[in-house]
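> Put chain U with the ligand on the given structure of chain A with help from the hints.
Chains A and U supply the protein sequences, listed in that same order.
Counting in numbering that gives the first Met the number 0, the first sequence runs from 0 upward without gaps.
Counting in numbering that gives the first Met the number 0, the second sequence runs from 0 upward without gaps.
Note that these hints are calculated values from the structure, not bench results.
Given the structure is predicted, the values throughout are model-derived calculations rather than measurements.
Hints are supplied without guarantee of correctness; some may be wrong.
As the list claims (entries may be wrong) - Straight line, CA to CA, 16 Å or less: simulated EDC-like cross-link-like pairs of lysine to aspartate or glutamate:
(1) U:Lys3 to A:Asp148
(2) U:Lys20 to A:Asp252
(3) A:Lys141 to U:Glu196
(4) U:Lys6 to A:Asp144
(5) U:Lys337 to U:Glu196
(6) A:Lys195 to A:Glu73
Unchecked claim - Have a look at the derived ranges for each label pair, beta carbon to beta carbon:
(7) U:Asp228 to A:Lys111: 35 to 41 Å
(8) U:Arg58 to A:Asp182: 41 to 47 Å
(9) U:Ser19 to A:Ile268: 33 to 39 Å
(10) A:Glu130 to U:Asp306: 17 to 23 Å
(11) A:Glu73 to U:Pro167: 37 to 43 Å
(12) U:Lys333 to A:Ile268: 58 to 64 Å
(13) A:Asp19 to U:Leu120: 48 to 54 Å
(14) A:Glu66 to U:Lys171: 26 to 32 Å
As the list claims (entries may be wrong) - Covered stretches of chain A (in silico footprint by chain U; criterion: 3 or more residues with CB under 8 Å from a CB of chain U, positions within the stretch not fixed):
(15) 120-131
(16) 152-162
From the three backbone atoms N, C-alpha and C, an ideal C-beta is built for every residue, glycine too.
What follows is the residue order along each chain.
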Amino acid sequence: MKFKVRGIDTFASTGGRPFDKNKPLIVFVHGSGLSHMVWVLQTRYFAFRGYSVLAVDLPGHGLSSGESLKTIEEMGNWVGDAIEAVGCKQASLVGHSQGCLVTMECVAQHSKKIKTLTLMGGASAIPMNPELLSLAEESNPKAVDLMMDFAHGPAGHFGGHPVPGLYHLNVGSMIVQNKEIKDTLGVDFRACDNYKNGPEIAKNLNLPTLSILGAQDRMCRLKDGKILADYIKGSEVHVIENCGHMMLLEEADQTLEILKKFILKNDPIK
Amino acid sequence: MDPKTYKFDTLSLHAGYQPSKNAGSRQIPIYQTTSYMFDDVDHAAALFNLERGGHIYSRMSNPTVQVLEERVCALEGGTAALATASGMSAIFLTIMTLCNAGDHMVVSSQLYGGTVNLFRLTLPKFGIKTTFVKPRDTEGFKKAIQPNTKGIFGELVGNPGNELMNMPEVSKIAKEAGIPLIIDSTYQTPYLCRPFEHGADLVVHSLTKWMSGNGSSMAGILVEGGTFDWMQNDKFPSMTEPYEGYHGLSFAEEFGPTAFTMMARAEGMRDMGPCLAPQNAWNILHGIETLSLRMEKHCSNALKMVDYLSNHESVAWVSHASAPGHPDKELAEKILPKGTGSMIAFGIKGGKEAGAAFINNVKLASHLANVGDARTLVIHPASATHSQMDEATLKFAGLSHDMIRLSVGLEDFEDIVNDFEDGFRAAKKPRLVANK
Ligand SMILES: Cc1ncc(COP(=O)(O)O)c(C=O)c1O
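Isolated chain A (complex conformation) (with noise of 0.2 Å):
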């Protein structure tokens, strides 16, 4: 679906259906240089099942136009406008790596307007490798290659996606390499590497929260993503055996399977 957030043309998959106001929202945020298209094995689940569905492209990213923002503050703050421009009052928001830290910045910023928070593959901070930084911001394709290979645990290496004849080192890396690398992926990992909010935004969060951790994640490695979330409330922990960072596709079905529990047990359809 096109929508305007502050005039500029936005992309959101609703997860093959009509998008409808009425219904309990879920907002997915992509992480670093990606689009809305990591979480098809998610959204088409929710959306078919009573909740609309609105899988983010932000600005600059997969379908969306304009430049990409370079804060995860900024993110965050945007996050909480295009609910609104949607028309929606609450959402449940779930995030992906960086997306983990735009979640909580946008929980921090618009507090009424969330309803639970999801984070997988999250860390309170997600400090860049130099190296990997200045390769992405050089537009250097070996940014992309590097990024994959931290992305997939060892498992997900040798392939096996959920979906027959998908092969998803090179689904994640084209989806990066479709656009300017240092316009996408450049920009965010350097807001990434700025952001300090984490920890303090996370020990004051007060909301159901849920963290979906692989236990082979070498972006955001398991122990940092337990401090994020024993730094959280009460917030639910599943570590996922076997999977790297990209659990969404690593382990589609185990992730769905995680989410929909929470989910529907804290932002039930009335």
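Chain U with the ligand only, in chain A's frame:
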């Protein structure tokens, strides 16, 4: 700092398969089943509606076939793949996914004969027309594009003339026109060339050939590069507009770099059904395990054969992109640095009769209508596959009476030569040599 993702040879042995998810079985299990149990009705509904991944019915997907799809996809550097019952069905499914009645394709004229028939005779029945362009005529591809053209299709090294299509240049033409470039890479395999690195958007293979190498099974595959933007223009409504078959799903919006394969499976495979048998997928996978080793030897044996034939008194001419003086040698060195494959065409002195005598008197080389077997194969088109054709028609197909087509195998080079010497001896006195 370098990425530690697996490289080509490792992928050819491992990509797409995790033993831990298959009872620890080191070899890939053959899932000889038509259908798959649902957990409950919710699970069934979710699978049917593409909400989650998994298998429903083996026409649509099968776990053994899935490994083959991912493996070839990994080797090609693609995002998604769809395996089919044969190379022809891969090509047909690709065109049927791309085109509607009233559409048009621009196609290289030097193709496998079956593919020529498909474009020339069968696709027009569905309202899809084709303009053929000679592979070396790069500008010709541009000139042939019409407003309703939906793609450019070609084989990188044409058969049997061994003329090269300038893939990087033709891909620029396709990009400018906002249409995809589709390459049949059967003769190259991803070991010799990865067309996505040279601007192709979709790749098809007959896996029946070098990919398997064992000559046991028919199979084909479509691989998507994930590079083509289907939404850049309004030429591909079935990819970009809501599709009724899946509650108004827009494949391009939802699946981006895998949209074409998702559509080809969800519509083409669902409705036309040329699915690959799991046993055949397994046989092909077995071959792919040794792809690099085999292709290396195919190419080195082919180089030796080119040298041997070029210096043979009974040979009038030799065509192979590595041969001295081949007009595409420079281009071949650029896009096929590891070798130009193992297909050789040569002219035998003495014309049609000599050709027939040669074929009838080789014993090691197999006389049959396939290519890319691990064994050496020969055929004399003028007296076999194209025996009904007159001189002019032969010429149009790039054939001549004296041409022998050779697919060089992995035997010891000396044994192939000894066999050929018998053939050449017989060809010198064709009338004295009766049919076997
Ligand atoms: C280049 C090429 N493409 C496609 C095909 C058709 O493949 P299949 O025989 O597997 O249907 C062939 C078969 O000879 C071929 O040589």
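> Would you mind marking each hint as holding or not holding in the structure?
Hints, verified against the model:
1. U:Lys3 to A:Asp148: 6 Å, holds
2. U:Lys20 to A:Asp252: Roughly 14 Å between the alpha carbons, so the hint for Lys20 (chain U) and Asp252 (chain A) holds.
3. A:Lys141 to U:Glu196: 15 Å, holds
4. U:Lys6 to A:Asp144: 12 Å, holds
5. U:Lys337 to U:Glu196: 15 Å, holds
6. A:Lys195 to A:Glu73: 14 Å, holds
7. U:Asp228 to A:Lys111: 35 to 41 Å: 39 Å, holds
8. U:Arg58 to A:Asp182: 41 to 47 Å: Holds - the Cβ-Cβ distance for Arg58 (chain U) and Asp182 (chain A), about 42 Å, lies within 41 to 47 Å.
9. U:Ser19 to A:Ile268: 33 to 39 Å: 37 Å, holds
10. A:Glu130 to U:Asp306: 17 to 23 Å: Hint violated: Cβ distance 47 Å, outside 17 to 23 Å.
11. A:Glu73 to U:Pro167: 37 to 43 Å: Because 41 Å falls inside the window, the suggested range holds.
12. U:Lys333 to A:Ile268: 58 to 64 Å: 59 Å, holds
13. A:Asp19 to U:Leu120: 48 to 54 Å: Given about 50 Å between the Cβ atoms, the range holds.
14. A:Glu66 to U:Lys171: 26 to 32 Å: 29 Å Cβ-Cβ, so the 26 to 32 Å window holds.
15. 120-131: holds (count 3)
16. 152-162: holds (count 8)
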